[in-house]
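With the hints in hand, could you dock these two chains into one complex?
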Amino acid sequence: MDQRALTRRDFLVSAGQCLGAACLGASLIPGPIAQAQEAGRWVREVDGYIQLPGQKIQCFVCPLHCVLSDGETCFCRTRTNVGGRLFTRAYNNPCILQVDPVEKLPLHHFRPGTQTLTIGVGGCNVRCLYCQNWEQSQRMPDELKTFELTPRQAVSLARQKKIDTLALSYTEPVAFLEYAKDIAQAARAARLRVVVATAAFVEPGPLLELARHVDAFVVSLKGFTEEFYHRVCGIRLAPVLAALEALHQRSGCWLELLNLIVPSYNDDPEQVRQTTRWIHEHLGDDVPLHLARFVPTYRLTNLPRTPVESLEEGCRIARQAGLRYVYTSNIAPHPANNTTCADCAQPVIERLGLKVLSNKLKDGTCPNCHRKLPGIWK
Amino acid sequence: MPFRSPSPASLDRMFHAGNWSKDRRAARTTAVLLGGIAWRPKSRWPGGWGVRVVVPVLVGWALGVEPGIGQDDPGGELARKIQSQQQRELAASQKLLDELKLTRGQARRLLPILDKAGALYIESYDREAKLLPELHSALTALAAEDRLNRGFTPTVERRAGQLGREEKELREAATEELAELERQAARILTSAQRQAIGLPARGTDKPGLPGDGARSVSGGQPPDDAAELERWRLGVLRAELDALNARKHRQLGRLGRQLLVPAAFESVCRLAGTGLSPTLLEAVEVYQTGRPDSPLQRVQQQREEVRRLRKEINNWNLINGLYLDQDQIQRIVSLYQAAVGDLERPRRLSKAELVELERSIEQLLNPGQLQVLAEYKACLIPPKNLKDPVRVGQANDDSAYERWLERSRRLTGPALDRAIDQVLQQESERLGELSRAERQKRAALLGRTVRRAAAMSDVEFEISKSELAARLTPPDRVGELRAEIERLARALGEPGRLSRFMLNPEFIGQLRQRGEQLVAGPERRSADLAAGPQAENCEKGCAIKPRGAAQKPPER
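Residue numbers (this note's numbering), protein chains in the order written: chain A, 12 to 389; chain B, 2 to 557.
Isolated chain B, as found in the complex (with noise of 0.2 Å):
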């Protein structure tokens, strides 16, 4: 077996182990026998990775100073998950790398991609850093309400969701760029090696769809045993999800996240005979250790934060919708606690437990809850809508369809085609590219629906016009699917919805709360009526004088 290296990250890794102390004599000694073997500078600018990665942290070992990012980890659990994360992404990239076996013309020409996709990481790491410590607060004020079950203050759902568009519109826009980095990347490989890594051949690769690691949605030939056929089709169903899933929010293929990361750099750098660029060099320093002012730990700490108070808010949008009674929670609680023992420290389900718990709780559950439960999408702030008070996730809606119909039945020819040519567009950003065939059938369909909605009269219309824009909502495939899913699964033993949002400690958790709450009943305070707004009223006469304005009739 040829020896490999290890990379200057391998090494830095080993000294910012928060379990440092541990292990302090064997990564001095690892240190000491493989530094020498690692660190071999060919890079053209002063100051490379060794002088800027290694010798800190040389300097600081034999200081006997603790590595940086353990400071806010006592425990050093979160530096370990740093380590076992950065670890298992170099194994990732190696493995990509050893398939791939790029020659050194291949590699020198990936170099300025990399450069692009290392400048790409330090930006959006620093953006992130900036952006997290805001959407954090945020996140809290919204649980905080959240949990209390009285609807948001209007500032404090503006400033969540504002934040929360803002790290979505961050995320996006940098997998966006990465994709496009990842193509160019894709044709400098051979057809061999594209095959070696699962992407398509050369010239069929479609935005959005990387072909490497997913699964054909024709699933090959149905089995002819019929227990079989179940999971078969359980499998080409949830190929069919994960295929549309792809397409509305574009996914990364593997060259995207194992050959494009700092991880990879320096091994493609020491492939192609040159040391790494400042930007490739600053891009792995970020990656293992953040910025002075954002450290990595930090940085990663608030990250875990913000996905937890997600959850907690999940949970919460979900548990707020299911207005389950004392007697259910108090039900609920008892069986998961009997299923997994102690609620602190709760014992892993297996999958037939899990099944089994989830049946006992369904039954506990009245036909809205479960209805509730089936439809219910994870959502942070849920939409309001005073006509229909069901909605707790996000869910279909047509009424953007009923007001654009509104707009548009007095549009004709080129202004008409606009409007429906934003609609499509707006449906692509949703829903995922649309093929030629599906925006042509979506154009007639939209223009058919608007001369028909034209040719009505304003009452005609204003009764029918929530009919026509339920005609017009694209059918909710993924919605379709997630229940055929769910029952095939449930069909074959497997642990469905309810177990996914519902049988964790984190929601047993905040169940238990809410229970505790209900006991305790609502906080009562009495208003002064005569403090707060008056309504108007007829003490100083009823009559209202005669106004300009209501003399004339506005426009239609």
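Only chain A is shown next, with the shape it has when bound in the complex (with noise of 0.2 Å):
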């Protein structure tokens, strides 16, 4: 065998071919965008978006107004910039399907004891201490097990399950925009319903954009104070009752709302009493409220449940605020589970957590007195 020692100028010419041969790949490699969309993540650029100067972007989706460098992604864990345009991680690749009861959204004017076909993706752009689904929602959707469901295939889905209603919950469906307005575009084309469970901390532009699509709405109004929002939420009160506002005003769907009362947090009477009153003014007295009790979970784990007598004392808040329709949630069998004619006092629709045990509703009327109920009960 023929050994002889490497000259340097073998090995510069080597190492030259080998350089011209890996800049040569590197050129046939496909770019960031393509690799992504080929590995079906980021499959769509996102709208609601502006370029700033150095391939940086900001995106106006919700009110923290995320500026990303390239490569960074979104509060909300599923908006990236990818060289300075802006594509979702959250589309077609849902973590969480179910059938569920509508009560458990919780929906209780808007066609109870029906079923939805419910979907989640990864990701949000709030940070409850005390999410109860946090191991979705404080993860990128790519770092789930997720399934391939594309919005015409959820609707087909929902038609096989004989189910009409789709929902979307779980997770923060302003975190998934897109995907949410598509699924909800295809469902209407159907004649589906479509409901959305949010925080609404998003801007009144997107949200009703989206609204454009769906029948109802339940928003969670987490507490009433900027101090509570921010601290045990990470956002702010502001916008969320400007999105509130633009909902009830602007959208023309059913709303429901819900707040979890966590003790020592924000179960102070006070506190219920404004966020009642600021309920009414605003939204109305027939906007159902679902007044929820908490149960330990994830960063608030020493904290006990919610004293029954606390929500006890919110719905009686409530009411005198001028609320006529006051729920509560996560405890069954409470008076307070069922639907009660606001003129005569009769229960109309009986519930046993979320199962509707009775039914007297007759196209939404009370067959005592006869009043209109408020809701979409068909």
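Since the hints were derived computationally from the structure, they do not count as laboratory data.
Please note that a few of the clues may not be correct.
Okay, derived cross-link-like pairs now, DSBU-like style, lysine-lysine, Cα gap no bigger than 35 Å in a straight line [to be verified]: (1) B:Lys-131 to A:Lys-156; (2) A:Lys-366 to B:Lys-442; (3) A:Lys-366 to B:Lys-541; (4) B:Lys-442 to A:Lys-172; (5) A:Lys-371 to B:Lys-378; (6) B:Lys-378 to A:Lys-172; (7) B:Lys-546 to A:Lys-156; (8) A:Lys-366 to B:Lys-378; (9) B:Lys-312 to B:Lys-169; (10) A:Lys-366 to B:Lys-546; (11) B:Lys-378 to B:Lys-131; (12) A:Lys-173 to B:Lys-442.
Which stretches of chain A does chain B cover? Using the computed rule of at least three CB atoms under 8 Å from a CB of chain B, they are [what the hints assert, rightly or not]: (13) 82-89; (14) 272-282.
In this text, a Cβ means the ideal position worked out from N, Cα and C, and glycines have one as well.
This is the structure we're talking about:
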């Protein structure tokens, strides 16, 4: 075998050849966007952002207005700046697919006793310390076990299961806004109903755009002080109130509110009084309010469950403030799980937890006093 | 009537009675008169039962020392209870022996089995004595939290759950071993003896179905009279429920309960013409007085306290699950008080009064509360299920089958067979032994469902899995029987579940406490939000830097 020492010249020639081959190879490798799209991630470029100098961008979907350098992702964990363009990681890849009773959202004035096909995608733009779905909401979609489901497939799945309502819940639909919008649009086209559960920390524009294809919203109003929103949820209260007003005044969607009562955090009667007064003044007295019992979870495991007395007191305060439909959630069988006619005080829908035991309403009308109850009943 | 000499146990009890001073003269006289007859030491071992048991008692008596077990029992109530229980056990054992008429040979053959039963008794007592104080303290903490109805702190819940399970396992293991000894003892008996005590003929007894005492499920011919027919049906259903429970929880027959127990040891030894072996003697001592470091009275006190705590926790769980409001509580308590008179010393209600009271209270409850009561099964720690907030006690839950389907739908061949066998094994442990036909039927259903799940796409399976799991969940025959029994019993004017769970002084006492809690309102504290955990926010910028982990989709 011919063995000779490697000269400096030979070495430089070989190194040059290798470098050339590497450069040629690199030019043939697809760019980051193509790569990502090929891998099935970030398949959608999103709206609602502006480009800034230096491949930076600013997102305007939620009030955080995140400014992102190339490769960075929004606070919601789903929108990523890829080469100066904003792409979503949350499209066609839900991590939650469930068939649930509509009461679980909770919606008590929307076709009681029916089922929803509920879809959720990883990520959220809120950081609630007590999140019950934190394993999904506090991770990026591609860090989770997901299913492949296009909006059209979602619709045909619902049809196949003979379910006529699609729900976007468990995580925050604002974080998968484009997917949510396309699902809602496809569902509407197929004459299915769409309901959305959200924290409403979103700019009114994108929210109303989504609302065009939605029948009902459940908005989680988490507290009524900026401090609570800042320290417990990592966001601000004012934009949520603005979004609620926009929904109420301009969307035409049915609206119910959820307020999780966390003991020693937001169970102060004065805070509940202020919340319910604001609801009464800005959203009206027909908006149902669900006061939910807190169960220790995620980062607030040091707290006990909410005392039933606090929830009952909250119900009393809300009724005193003029709200007509106040419910308790996460406790059953409590009298405040039932729907009672605001005029004659007769129970018209009796529930046991998420089950409807009896529904006496006829076309949404009380059989006793014939008052029409607000809601979507058919 | 032939004279039967008293056993050392009965003599010993006379001296261990809490009402010692009251009966002192009578006990002394009896002991002196009968002691000589009873004490016939045939023991081959030094220090037989006579020396170990009777002599210390006589010495103590001579010295005028009060019996040890009465020391923590000033009223003597517990000692009297122990005494009367032991008397009942002794009488039951004696009755069994009278019915069996064992020959000396049989009694001798029984001795090694008794020895094992004695050793088992001692071991169980020691383990129980060690476990009870810990269980007591765990349940006390659990009851205190249950009273507040704010959920359990994880450590308290874990500890109570673990110790509760340990106690159950201890009891089940002892029963299991004793059942095996019982089978061995049954083989010594003749067919006539077996028949005399209601055991099935030789070779037909199955594990877990002792045969004696268990009523026939068929219940004989139905009566012609329509009114009697309902009562007959009730009897048949109750017998079926008993039989199902016997399948689920191993139950001992009469031999296990009345022959393989310390109360019978001395009599069997006497029949065998021998004295008590050291093991049997020790077991009798433990049975009568306990251990020096864990005397019987203390252990018995702890047993009763644990039983009381369990009952209290069960009551709290039901009260917490019913969500009665102030008005309902007040009215229930008033109705009960009107019926029983003094709440401290309640009058015993007749069946008719109980039924009437039950009907009045039912009218106060809403449909949801009535359903919760109808489905309630007592348990220590109610299962948590956010899918269904109504679960109060142990109820059917198919989430385990969901998880099993998720795992098994990817299996085939022998791996799938093994997975099915595992499920069948667990079901047998949970629901009682399955017959061969039942097993085959279940295996076929499990296999069919797994194959169906395997044929589905991931998406389709995800939304169908709870439906598939519900099909796999075995029918709750016990629940069905309970509901039907309740319905029939109510129709026949018998008290139902409401009476059983709610109409007792303990429950009403706890309900009053809950009413007071509701009147007092929530204990309010305002947390300093700045001091607790803080939610992540955008103060230092919202952007999330790229991470390697996020680029790799996880394995499905």
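Hints versus structure:
1. Pair hint Lys-131 (chain B) plus Lys-156 (chain A) does not hold up; C-alpha atoms about 47 Å apart against a cutoff of 35 Å.
2. For the proposed pair Lys-366 (chain A) and Lys-442 (chain B), the alpha carbon gap of about 32 Å is at most 35 Å, so the pair holds.
3. As the CA atoms of Lys-366 (chain A) and Lys-541 (chain B) are separated by approximately 45 Å, the hinted pair breaks the 35 Å bound.
4. Simply put, Lys-442 (chain B) and Lys-172 (chain A) have alpha-carbon atoms about 28 Å apart, close enough for the 35 Å limit, and the pair holds.
5. In summary, the hint linking Lys-371 (chain A) to Lys-378 (chain B) is supported, as the alpha carbons are separated by about 31 Å, within the 35 Å threshold.
6. For the hint linking Lys-378 (chain B) to Lys-172 (chain A), the alpha-carbon distance of about 34 Å falls within 35 Å, and the restraint holds.
7. With a C-alpha separation of about 22 Å, the suggested pairing of Lys-546 (chain B) with Lys-156 (chain A) holds against the 35 Å cut-off.
8. A hinted pair counts as satisfied when its Cα atoms are at most 35 Å apart, and Lys-366 (chain A) with Lys-378 (chain B) qualifies at roughly 20 Å.
9. With a C-alpha separation of about 16 Å, the suggested pairing of Lys-312 (chain B) with Lys-169 (chain B) holds against the 35 Å cut-off.
10. Taking the CA atoms of Lys-366 (chain A) and Lys-546 (chain B), the gap is about 44 Å. The hint is violated against a cut of 35 Å.
11. A hinted pair counts as satisfied when its Cα atoms are at most 35 Å apart, and Lys-378 (chain B) with Lys-131 (chain B) qualifies at roughly 29 Å.
12. In summary, the hint linking Lys-173 (chain A) to Lys-442 (chain B) is supported, as the alpha carbons are separated by about 31 Å, within the 35 Å threshold.
13. With 6 residues carrying a beta carbon less than 8 Å from a beta carbon of chain B, the region 82-89 of chain A meets the three-residue requirement, and the given coverage holds.
14. Coverage of the region 272-282 of chain A by chain B holds in this model, with 5 residues showing a Cβ closer than 8 Å to a Cβ of that chain against a need of three.
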